[in-house]
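Keeping their order, the protein sequence lines are chains A and B.
The working numbering puts the first residue of the first sequence at 1, with every later residue one more than the last.
The working numbering puts the first residue of the second sequence at 1, with every later residue one more than the last.
Because the hints were derived from the structure by calculation, they are not lab data.
Be aware that one or more of the hints could be misleading.
Pairwise CB distance ranges, derived in the manner of DEER restraints [unchecked claim]:
#1 361(A) with 192(B): 44 to 52 Å
#2 129(B) with 200(A): 36 to 44 Å
#3 144(B) with 338(A): 53 to 61 Å
#4 170(B) with 337(A): 45 to 53 Å
#5 134(B) with 86(A): 34 to 42 Å
#6 134(A) with 103(B): 42 to 50 Å
Fair warning: this is a prediction, and the values are worked out from it, not measured in the lab.
All C-beta atoms, glycine included, are put in the ideal place defined by N, C-alpha and C.
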Amino acid sequence: MGRAVARLAPRVDFALVGHPETWRAAADVFSVLRGPEHTPLPDDEIKDILPWIPPRTVCRVDVQSIAGAKARGVYIDSFIPPDRLDASCVRENLTRVRAAAASAINAGARIVSLGGFSSILIEGNFDALPIGQNTVFTTGNTLTVAFIVQGIERMSALQGRNLRTSTLLVVGATGDVGSGCIRCLAPKVRRVQLHARNAERLRRLAAELEAEGVDVEVATDLSQFSRPADVVICAASLPSSSLLLDRIAPDALVCDAGYPKNLSADAETSRATVFFGGLGQITGGIAFEPDLHGILNRHPFPNVAHGCLLEGIALSLEGRFEPFSRGRGGLTPDHVAEIESIAARHGIYLAPFFNGDGPVTFTMK
Amino acid sequence: MESTIELKPQTECTLPAAPIWQDVLAQAVTGELVAAMNYSALAAICDDPGEIDEALEHAAIERRHAAVFLAAGRRMGVEVIANVDGKHWKKIRESFQRRVEERDYIGCLIIQEIMLESFALASYNRVAKVAPEYLADVFGAIAADEQEHADHAMAILKAERDANAPLFDDKLHELHLDVMTTLAKMLAKECKDGHCEVCQSSCVKPDLIEVNLSAALLRGASLQQYLRTLDTLGLPGEVTLTWVAQLPV
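Just chain A, with the same shape it has in the complex (with noise of 0.2 Å):
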């Protein structure tokens, strides 16, 4: 970068890396870009143009901490395509989550969030990163785990649910997130089923499980488990919504987690109580320079986003550059209090309910 622009280049202590969930959010970043004065592109002009533009910043964000605390950042976009997130577009998704953290390199972030698939891409390989001296990555998982139990519980809570007497599922248990809710929540229910496609790391976990005298079934078949559950935390890395739960509860209580949502507009969830989980409030203060407000971040509540990115965000309010979550399953509950007090003390908190409908009402159980 030029000598006259670094001296006027902002401090970056944190990048958030990141791709358009939608292909309605993609076009709506470009009609801000765009501005008034140009009319909005059409989707299919959006669809053509979007997969050529190499990863890079999107816009620079200002945070605020209750504390007192600021940290400046850059939302960087991998432009991954909403509709290639699946297997056959790996390599060419890890280039893309590459180039990106290449650009937060550049940027001079101190931090990296890497936010829904980028982490999944990673699986925790850091090293297939490019290196930057004072470049730590996260992959935000321990905060996107504590978002999700403080939302079970809190739900519970509100629904006069007693977890004690639960059955919690867990779509997707074996990868990072899902296998730290687990660990937090395990001791608090009655009976844990585990789901996921690997039936050997499922095999591994419940072993770690029973080890600690958790009641355990696993299956790689949603079908297959014996008794319908009352507590679901989906957080399977699905490429698009598409997953369908047809044997819970008619009254359970669903957590859909992904980064994209996983469950399918068919599911079969009419009587459950279903709300996006893995999700943070900032209540300090944030800023989008262009302005991004309700863009990036769209959610029916202000200031909200996933845990994944907000972990980075913390972590640079609290000044702690390191790289918290590996993303290796190892996520434990020490470490997802900690988190969760950190975010806390600067004023990042769980997000108020909601779900693809609105804000959610609950009713009393």
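The hints should help you fit chain B onto chain A, whose structure is shown.
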């Protein structure tokens, strides 16, 4: 710097998609001739004898590229007709000429080496992937030649930006609005302003799919190359993203 492209013996053959390649070649020949004219004009405003020689050498290389493309057309059995006065190309030449009149050496390099070269490099490389073998070789070899030009110019432009980034970026943005707007219209999926005056009959864009190309693909690859070039120069990614997002489609 010498062109590595050699004219090959001409053995005529005809392909079913020959009319499509004829139009693709017409755009390529026109682009090369415009580049040759640009370099010749650039030589006139250079003070340094070395720069003059270099600009004239580049002009000669671009003319040779045009000749190689024309020969490729003949081998295919089609006559390739260039038109440097075609609507979009004429506008681009005029933009370049304005910079020449202002004796703006860096502005000229920005237009030719960043904007037109991004378009040429990306398009040639894409065409090389799908064209019949000998045509693919021609496009691939010329793309490699163009890459060499671009690398050389980048060193000059990088030094210029390092000296005064805000001034350089302002100039680049002004030229982007002028030249890239024209190129974006040329690369749009449909020619909304009427015939480009280079295609031999009707617009070739809808037919490109028959040779595994499309206007959208060529535009996407060109914009990607352009953004990467600007990244290499050190321009902020969020700024260049906004520039590209605001281009016409």
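Status of the hints after comparison with the structure:
A hinted range of 44 to 52 Å holds for the C-beta pair residue 361(A) and residue 192(B), which are about 49 Å apart. At roughly 41 Å, the beta carbons of residue 129(B) and residue 200(A) sit within the given window of 36 to 44 Å. At roughly 54 Å, the beta carbons of residue 144(B) and residue 338(A) sit within the given window of 53 to 61 Å. A C-beta distance of roughly 51 Å is found between residue 170(B) and residue 337(A), which places it inside the suggested range of 45 to 53 Å.
At about 37 Å, the CB distance of residue 134(B) to residue 86(A) agrees with the hint of 34 to 42 Å. Here the CB-CB span from residue 134(A) to residue 103(B) is close to 43 Å, well matched to the stated 42 to 50 Å.
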